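**Student:** Sequence:
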Amino acid sequence: MVKLPGVLAKLIPSKAGKAAAADAAGDPESGGAAAAAMEAEKAAALAGAAGYARAPLTASGKLPLTWQLRAWWDGFDPNQIAEILGRYSPAVDEAGLDDVMAAAAPPPDEPEMEAPKPVDPDDWQLPFDPWDPYRLEVAHYIWGEGFCGPGGPSYVVNTSKLLALKPEMSVMEFGSGLGAGARALVEGFGCWITGFEQSGRLAELANHKATMMGMAKKAKIDLFDPADPNGFGRNYDRVIARQVLHQYKNKDKIVQLINKHMKPTGLVLATDFVLANEDARRDPEVKEWLRHEPFTPFLATSKEFSGLFSNCDFVVRVDEDVTLEYIQLINRNWRGADELVERLKMQPDGPDLITVLMRHGELWQRRASLMKAGKLRLWRLMGTKVGGKPEAMSDW
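So the sequence shown is numbered by the numbering used here: it starts at 91 and just counts up by one.
Read the hints as simulated data drawn from the structure, not as lab findings. Because the structure is a prediction, the values reported are computed rather than measured.
Derived DEER-like restraints, expressed as beta-carbon distance ranges:
#, residue 1, residue 2, range
1, D409, E378, 21 to 31 Å
2, P384, P441, 15 to 25 Å
3, A149, R425, 25 to 35 Å
4, A306, D409, 32 to 42 Å
5, L414, G323, 28 to 38 Å
6, G176, S400, 48 to 58 Å
7, P441, E258, 46 to 56 Å
8, K393, Q418, 21 to 31 Å
Listed below are the simulated DSS-like cross-link pairs for lysine-lysine, each with C-alpha atoms no more than 27 Å apart in a straight line:
#, residue 1, residue 2
9, K393, K377
10, K308, K475
11, K353, K308
12, K310, K353
13, K310, K343
14, K339, K377
15, K475, K343
16, K353, K256
17, K462, K152
18, K462, K377
19, K256, K308
20, K299, K310
21, K341, K310
22, K251, K353
23, K307, K251
24, K353, K307
25, K475, K256
26, K475, K339
27, K393, K462
28, K299, K256
29, K350, K339
30, K393, K475
31, K350, K251
32, K393, K343
33, K475, K341
34, K310, K251
35, K435, K152
36, K343, K353
37, K350, K475
38, K475, K251
39, K341, K393
40, K310, K475
By construction, the Cβ of each residue, glycine as well, lies at the ideal position given by its N, Cα and C atoms.
Modelling step: build the complete structure from the supplied sequences, incorporating the hints.
**Tutor:** So this is what it looks like as structure tokens:
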């Protein structure tokens, strides 16, 4: 059993303390489950700090690059670890340090990372499109070829089984990214996909990849223009919208447009980021997170998200929280990124890629932290058109 450094050992909650935190989940005066989750995360950071006791803090009191990445992959907030080390590490006894860090050589000193630069949506060189080549390459390394976020081909196929897809069906995918999800559906179900993406760079790359794979007709990605009176063109048997509606302020118009372009027997499957409740709108951590997002999200609460579809003539048949599964996907994809950093160091453009990797990691670490705290959720909803009878809806 690893011996903890003296001061850090005193900071780690006792079993009684952990039990009290668990009891707090059911106590309204203690802030409920969300408060208990936050306390549990802080307790984990205190315990985890023992493994970082020899990390050299930067001049501004942060963990160096390699140690930040390691903290993310271990499931800790690097800022919490740095705060603990800054307060208590001077009093740690060397004997305890040797026991804790016996198998880990300290990484070399690294320069402090500069703060991420906010994307200007009015910049004519970057109109609603922060996907430069470096970010695309990092996304490829972390999430898998053709993906811009958590998941993968098997995840896309499994979560789409609710739609009971068939080879003869037409499917509209809203927010297609690099098109990997559309191509996975073509391979998994044989259906015909028309994707819509607002990033011209992503749409172009997605169509190039589909052509290379012989799917140019079955996995075509078009540009989406909210002002286009033709909307999504034709009508579809199924519609999929993954983590895209939060980008739009007038969500009701988008959902109405989706309804307009669905066949009478159609089904829509939508997943998106939502706020847990009204209190989250005023939460300082949520406001700070919004400030760091590439583009300001227009978030609904989970209740508002469901109501959005009900008010647009959909019958909601699936309405569920899938946050835990999403957090597990994030953690799984970021595992082993320390090895990625070592590989990137060997490339001519390694420093630039590592900088982008760090910014991408910070973006997802902030999102995951809010999800763990119960303030930000990932919600899944499936609906049918009012008056239409869905054909062979899966009960999977």
